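Q: As a plain string of letters, each chain reads:
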Amino acid sequence: MESMNLPSILTPDLGLFFWMALAFIIVLLILSKFGFPVIVKMIDERQKFINDSLMNAREANEKLASIQAEGEKILRNAREEQAKILKDAMATRDAIVKDAQQKAIAEGEKLLEEAKAQILVEKENALRDIRSQVADLSIRVAEQLIMEQLKDDYKQENYINKILDKVEVK
Amino acid sequence: MKYKLLRYCLVIIASFLAFPINGLASSSKLDVKEIVLGHLGDAYEWHFFATENTEGVIHLPCIVRDEETHEWKCFLSSKIHEAHKEGLPDYEGFYFNEEKNGKIYQHLSDGTSVRPIDLSITKDVSQILLASFILLAIFLSMARWYKKHDTTKEAPGGFVGMMEALLEYLINDLVKGSIGEKHYRPFVPYLLTVFFFILVSNLLGLIPGGANVTGNINITFFLAFCTMLTINLSGNKEYWKEIFWPDVPILLKAYPLPIMPVIEMFGIISKPFALMVRLFANMMAGHAIILSFISIIFITCSLGSWMSSVVGGGMTILSFLMIIFMNMLECLVAFVQAYVFTLLSAVFIGLSHPAHEH
Chain S
1 MESMNLPSIL TPDLGLFFWM ALAFIIVLLI LSKFGFPVIV KMIDERQKFI NDSLMNAREA
61 NEKLASIQAE GEKILRNARE EQAKILKDAM ATRDAIVKDA QQKAIAEGEK LLEEAKAQIL
121 VEKENALRDI RSQVADLSIR VAEQLIMEQL KDDYKQENYI NKILDKVEVK
Chain F
1 MKYKLLRYCL VIIASFLAFP INGLASSSKL DVKEIVLGHL GDAYEWHFFA TENTEGVIHL
61 PCIVRDEETH EWKCFLSSKI HEAHKEGLPD YEGFYFNEEK NGKIYQHLSD GTSVRPIDLS
121 ITKDVSQILL ASFILLAIFL SMARWYKKHD TTKEAPGGFV GMMEALLEYL INDLVKGSIG
181 EKHYRPFVPY LLTVFFFILV SNLLGLIPGG ANVTGNINIT FFLAFCTMLT INLSGNKEYW
241 KEIFWPDVPI LLKAYPLPIM PVIEMFGIIS KPFALMVRLF ANMMAGHAII LSFISIIFIT
301 CSLGSWMSSV VGGGMTILSF LMIIFMNMLE CLVAFVQAYV FTLLSAVFIG LSHPAHEH
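Protein chains in written order, with the numbering used here: chain S, 1 to 170; chain F, 1 to 358.
None of these hints come from the bench; they were simulated from the model. These figures come from a predicted structure and were not determined experimentally. Any given hint might turn out to be false.
Here chain F is said to cover these stretches of chain S; the calculated rule only asks that three of the stretch's residues, wherever they fall, bring their Cβ under 8 Å from a Cβ of chain F [claimed, not checked]:
{"no.": "1", "segment": "11-25"}
{"no.": "2", "segment": "66-80"}
{"no.": "3", "segment": "107-115"}
Under 8 Å between C-beta atoms, here's a sample of chain F residues computed to sit facing chain S [unchecked claim]:
{"no.": "4", "residue": "Thr-122"}
{"no.": "5", "residue": "Glu-242"}
{"no.": "6", "residue": "Pro-246"}
{"no.": "7", "residue": "Asp-247"}
Note that CB positions come from ideal geometry on N, CA and C, so glycine has one too.
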């Protein structure tokens, strides 16, 4: 080695090696204690944060989509319900109207009949009344007539004779 | 318009480079190999430029152990230069041995010279320390940002944001992808430190005046050695079983020769060896190519004839363009090599955690 006389860049050199080793090891120790772990940790944390955020965003999107779907479903159900309720209401209305009409008709007929019956009764009563009055009147008239005719005894006798004749003839 | 401006710039730069150097360089013969290796190698001072009167140089401290008294000595490298200028052979026995790449040697009292234990803060060492400070500054300030803020509420912007994107990419794609979801956590600090250490060193080396740290075998050896330790110390039972008692006929693994274990043992060494050589060769070659292109300017200008201005000017423009291209390429290579070293380390660590196959 001594005789070869290599260029200085190829010659082993204790001093250079020593300083290189010392400087490198000190730098390595300091940086591996205070330098890189802090940086790496922070970069990892941010990476994790970004990943989490992305995942959250995706989940939120999915949730939003499901909520939208749910909303649409609810809307559709509501529309169906509405249609059904309307249909029911219409049917109920029709039924009520029809019922009312029938009832009204029946009621009318019943009233009419009652009225007719009443009228009949009233008529008969009136007739009976009239008849009895007519009888009364005729009796009274007859009474008056007879009274008038039979004012003197002669006439009374005459009349009675006449009647007796009639009865005897018979 | 743009191209015109660029062309003017190139001509101006070329003439600047070509003419003064023409006179300067022709006086002395250029040794390109010396220049390139000199610039690639380590030094006891940080040399930026030199003119006739001034020298842009930072002298760095030398820390050596006296081989006779076993005492540690600390002095600026300029002391030796001054002693040399005054005509003395050495400074307190220490001198730069030009035959041994200009390293510090010591004259002993018995007339022989030896290499003392040398822990000097050289150019490479100072750049390593600079890179270390940059790493600490970047990541501790980043960590402080994260401590002060709630990361689930706000994201960092600016530099911290850029670094976070890079870290996230490295951790998720490189570390997690190579080692696996289950075991990767404990290796993150090591692999990231290696990556950024190499990256910052590479980029600092590309700045003009920067030292070639990752293109030095000592550095890549250390990094590869760390990776080897990491691989083998973290290897699980399955990993060692595959080395010593693989699922092959007994003829291959025990009798007459334990061929497979030997091959596997070789693999333990060759994996980090490949890492070491790859990083070293790539960074060294990149610097060497850039330096060579720069040297071309000086060579063509030192031809010493009337042609030198014309040819030198042309070659200067060409070299200049190539240097720009190579520098851009090296910026890419700086990243790619840091990435490859870390990726392969991670892959090898991942391989030392094999899942139970049966």
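Q: Now look at each hint and say whether the structure bears it out.
A: The hints, checked one at a time:
1. Counting residues of the segment 11-25 of chain S whose beta-carbon sits less than 8 Å from any beta-carbon of chain F gives 13, enough to reach three: the coverage restraint holds.
2. With a threshold of 8 Å between beta carbons, the proposed coverage of the segment 66-80 of chain S by chain F is violated, since 0 of its residues qualify and at least three are required.
3. Under a criterion of three residues with beta carbons nearer than 8 Å to beta carbons of chain F, the stated coverage of the segment 107-115 of chain S fails, only 0 such residues being counted.
4. Interface restraint check: Thr-122(F) against chain S, minimum CB-CB distance 7 Å, threshold 8 Å, status holds.
5. Look at Glu-242(F): its Cβ only gets to about 28 Å from chain S, farther than 8 Å, so that hint breaks.
6. Here the hint on Pro-246(F) is broken, as its CB sits about 33 Å from the closest CB of chain S, past 8 Å.
7. Hint on Asp-247(F) is violated. Least Cβ distance to chain S is approximately 36 Å, over the 8 Å limit.
Of the numbered hints given earlier, the model fails hints 2, 3, 5, 6, 7; all others are met.
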